[in-house]
Amino acid sequence: MYGATTYMGMVTENMKIKEKLPTLIMGILLSGILCMPLLTGYILSGGEAILWLMKIEECGNRLSAGELPLFFDGETVAARAFGLMAFSSNLILYLPAKWYASGTTLHLAAVWWCALVQLLSIGTAFLAAGEITHDRMQRFMVWALYILSPYHILVSYWKADFAEMWGMAWAPLLIWGILLQKNNRKTAIRILGYLGAILALSMIAYGNAAVFFLAGFLLLLYCLNHRNWTGLGILPVSTILAYQPAAYYLRYVLKGGMEIYGIPNLLIQQSGYHFGQFFTSFDARYFYPGLGIALILGLILGLYRIVLEGKGRRNLIAQGILWAVFLFLSSTTFPWNRIQSLGEPIYRLIATLESPVLFMSLATMTGCLFTTYTMDFLREGAGEKKNLLHFMPMGVLIAAIFNGLYLCNHLVYTMEPSFYGR
Amino acid sequence: MTFHNGRKQNQTRMILTAVCTYILLFLACMMGFFCARKQEYSFDGSANHSFSENDTEEYLLYEGISLSPGVYEITLQTAADLDMAALISLKAETTSPYGLRCINGIVYQGLDHCTFSFYLYEKTDDLKVSASAGQAMTLQTGAMQIRNTGQLYTMGAFWLTCLLAITLIVIQIQTHGVNRQQKITILSLGVISVIAVLPLLYGGSLITADGGYHMMRIESLAEGLKMGQIPVRIEPYWQQSYGYADSIFYCNLFLIFPAILRLLGFGLSFSWNAYCVAIRVAAILTTYYCSKKIFENYRIALAVTAMSSLSVIQFFKGIQTGAIGEATAYIFLPLVLYGFWRILFQDTKKESYRTAFIPLAVGFAGIVQCHVLSSEISALVAVLIVVFQIRRLRDPKVIGAILKAAALAVMLSLWFLVPFVDYYLTEDVHIKFVFARTIQQFGIQIPQMFFHFWNSGAIAEGTGMYQAYPAGLGLIFAISLGWFATLMICNKKKNSPEKLQIIETSAQSQLQFAKLCLGMSVLLCIFSLRIFPWGHIQTWGGPFKGLVSSLQFPNRFLGWATLFASMVFGYLLSYYEIRKADWQKNLLYAMVLIQVATSSLFYVDAYMAGATVTHLSNREGMGNGYISGGEYIIQGTDDTLLTYNRTASSEEVQILEFTPGELSGSMEVNNTGNAEGYVEFPLLHYKGYRAYDAQGQKLPCEKGDNHVVRVMIPAGYKGIVRTLFREPFYWRIAEILSLCGYVVFFFLYLKGRKKRTVTVAEPNGREIYSDQSAVLRFDSSAQQRSLFVLCAGVFLAWTPALATYNISGMLHPEALARFSGSFQEVLSRGLILGILLMEGFAAYGLFSVLIRKTEKGAYGALLGTLGILLSPYNLCRIYCAGENPMAQSTLADLWKAFAWRGAASETDFHSYPLQLGMVWITVTILYILLALRKKQRSIWDRKLACVTCLTMVLACGTIFFPALLIPAGILAAIQLAVFTCWLFELEEDRQIKVWIYLGLLLLLVLTASMQLEDICYQGYPGEHGFI
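Protein chains in written order, with the numbering used here: chain A, 1 to 422; chain B, 1 to 1027.
Treat the hints with caution; some may be incorrect.
Only pairs whose alpha carbons sit at most 30 Å apart, straight line, appear in this in silico DSS-like list of lysine-lysine [to be verified]:
| no. | chain 1 | residue 1 | chain 2 | residue 2 |
| --- | --- | --- | --- | --- |
| 1 | B | 404 | B | 349 |
| 2 | B | 751 | B | 349 |
| 3 | B | 751 | B | 432 |
| 4 | A | 20 | B | 943 |
| 5 | A | 20 | B | 38 |
| 6 | B | 404 | B | 292 |
Hints in this document: simulated from the structure, not taken from any laboratory.
With the hints as constraints, model all of the structure from the sequences given.
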């Protein structure tokens, strides 16, 4: 497709503007796929859609009345049955609330907001991919695998968890900022990255304070592992910026007492994945989105690469182990209940994660990396041979596109519009 | 030498270390087992509860019980006035969600206690025991004992043994190394196995149609083994310990594995899942082994294994239905086929032909000993194979091999066949009276043969596909059969005397074998159809009535049909492998990937999204009264009267005491009368029960009321009467003969292995016959190929019309009403076919004229024609025309790539997929991407640019004017045709262009297939139809 020095369209040298255009066009089209369910003009009747619409409505009404608190009081939380959504601040819904208050329909306001968040997700993922790898096609692959992953699509539209969608939009920016510190870039760029990381972590806190602490913990581990001492500074600065949600959340975790507002306080281990549930692509039990056909193919090819080829296995094995760790954390086998039994604060802390399925988002991210690096190794191994292996990287990309497209089609066709607010 | 010695010493050291560690740990487990069994706890207490109707409350009986981890048996004294209405349940606060595993225990009216097991994996200080009932009844409870069975340690010992086995294998691999081919094989088989058993890895066992019955078989077999009955003939646990002759009629040889797991203490779900996994993996291994032997190429063998083992019928039978008898038979079908390959297609003059009969014998013996119905079908398949290859019977060695195979198979199965035949002839079992059962309505619809996605959950009652089940051959198999058939039709042989002299080369043998497989696959698919006149065959009476009725489901033929189709697929790979035709070979391998990724995984996902998964730890919660269709119970038995300890006697006989046993019992009786009396034991009477008095004298034993064991008591007799089940002596002789058969088999097997290691490799037929063109050669022009594919496309579009019912909305002109019933239907379908043919050939002709008569033109015309024929709009027009009119599109509709009919809501949904489809979107995107790279312009550039722009404008215009869809669709088809010509003019590598073209073709076919399937699955029968 692009000449003899490539593997099925994957060019590794720097390309001229004209040659970058196909990538740009593909990027726009894939972004369109992700936003497809929003093009209907309504919010689909996903798991938490009604609750989020109610929250936007409540925020809009409060805005119209003149004041919008950062967090709703206990009575409102109980009356509207917001549950764990109580730890998601109203700041993230300011825009749709404003639109709703100014006369837009509830659904349209929510659709526009979701579209903005998805575009943000697309942009930040693109930035992060650029820092993870400097190879243009690898970057495209990581980005495409991430935005079209079943987890990303299903959490946005099937579960309709706006807070998690928000978190998945900002997380790549955090990664971008961290990696900039590591990649020996110019000082100005590094400062920009630093600020971006702080912003991202803060925004994650405003979306879901529980996830903020999880992200902070992972950031800490990463910085310690890579001896990235400047990166450690992100944590306290973003905590200061996100002081209110962090304090609100910590107050509950340390002191408790909010159960009367209907906040569930459950053991989470039994709601983790069973092994077979990881390997779904086209449909899944609610709410256990699988890895998708592209990552499954990547896993198989990665195993093939590790088992058969000697060179360069170590990095791939390390990435594979990390992937496996996150999958394990999201499974029902990991002893979450035992950890929760260590004390009341820990019990509440983990209960606010709601389910180990949250770790599937991290598993998906590492899976995208693993798959991309596997494709690179396959390309090296196949050389100029035009056997099936030679075309596998394109095959994986096509699989990701079709899986994403199928899921979006499936959702649009089979889910009714949410009746609330129509 | 030193290096090898060093390696060997190292290996020996590692093995010794592993074995010694194992022995130590094993002894520790055994010590733990014996110590644990001493733990017994008694609790005193009593309670009396009256339950009302629909009472959901649980009444606490005991609490605060402290126990350490283990597998326990709890016995609670009970007295209930209603049978199987009250439940005893346990609860404990454990940190892990799996800390306590227990299903309720059932209280039986006839028993004075309720006993069941539970698994405690975490220490608890507050185990609670409570009772509940959903019906009005009274329950008295008394003392309770909890006994540690020690099975936690036996389970530990089992895992230890598995770990040892894995360690020894790893040591072996490390010492001797594994070459690249072996690594690929192990990895690939591993991946296939994981995919094959994915539904079993959801943390429990699936609730399936036959699962409960087979679990009962496992439980009863375990119980029988525990009481020392080897082999188990009458299973003691069924029907409240009345016993059931399930093992006589349904061989339980392979269920010994899960039964042993149960005896070791593993839970019911685990044992069941372990068995299902084992049979799936075993089927994969035998398929690989046999196909490697046939095709002599490990890659082809892997492809055939993937296609066969991950086919929908194996998932449907092994997983969705829980028909593990049939699923176990899938292990042996490849052996039977391989056996026939060796006997019928190999050179009889070769030394290796002496053992050619063994695979066939083992295969048949295996099938007979796991599923009798599969052996009926396999026997029919064997007869058909022999009939089709009758000319090979001219060689007496062939007849000899077949007879030897039959003899060995019978000998190996004698231990099962003799009791089976004995009971079938002498006992009036229910299965002999069910000839009225019809099967035709369970046949599959013709369209199902060409399905790809298997929407397993969409078969609602009232739809035309109701009772059709997600079973069929599959689109990829159909394409490969058609591909092979096309090769045969276009075959041209070169007449070369020296080459034709070589008769039995492996390549020629494979071809003949492939032809046989093609014919058999098609024939067996026909047998599985709803239109096949099974009902009519049953009216012939005699053995036909019984045999057809016993089949139950015509889809049982699909196991064999799929295997035959897999072999045809393997031949195609072999054919192109020899000719070094890379792109065809790669296309076939790509088809395997597409089959696995978009068919097998799609089906698994769709099925598991709605399947019920449950965890069954102990058996007691299942009850023991379920005997499925009760095929092996004595005809006329009322199973509602089969309750625990239900004894009876004639008027003059008093029962002073009754002690039940397993398939036995003893009574103290007193016959006060002057005539012979009787007593009846709570045991179902099958041939083999005997009775003795206190002195050991035999007493007459016969069938009593409700076919229970009745023992005649002589007048004036007072004393003990015992009854027990004893196998007739000739059953034992049959068992010994079978054992001898197994010894003979192993001897032959070892002898065969020894010979293989010393015999010089014989020349490969392929080396002698290097030019495949004399065997089979496909010479055709692009036009011919395109026309073939076009015909296939027309047929695909026609498949929904081949159902026995009319899909509501299907084209059915009023003018046809003047004709009578069936003729009307034939005309209707003919009309649709006519329209499709006209559309197809008219479009093809027009495109061919417009695009020039070149190779590219033919392919372009093909793609364009199929773009019209298989477009969402065209298919909807034909099959969904009678319903809602065109709905207005939205922006989202432009992106709706996979077209199907599902409409969730009338008010907000656009019911019909009126957009242009996935292929148009893909072509447009590809065009944009490739055009940007192109350096030199040609006339096709302008044409394509023009058509593309116009189509996009019209597509966007459909948002406002839906009627623009028709011209947009036509333009889109033209775009496809022009794109093809433009594509082949690009400067890129030819192979890449071919791949793009084939990819578009496959995409078109797959998306159309998805739509056609949905049309079939969701279409309600209209007014008319055949059946």
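Flag every earlier hint the structure violates by its number, smallest first. Hints 3, 5 not satisfied by this model.
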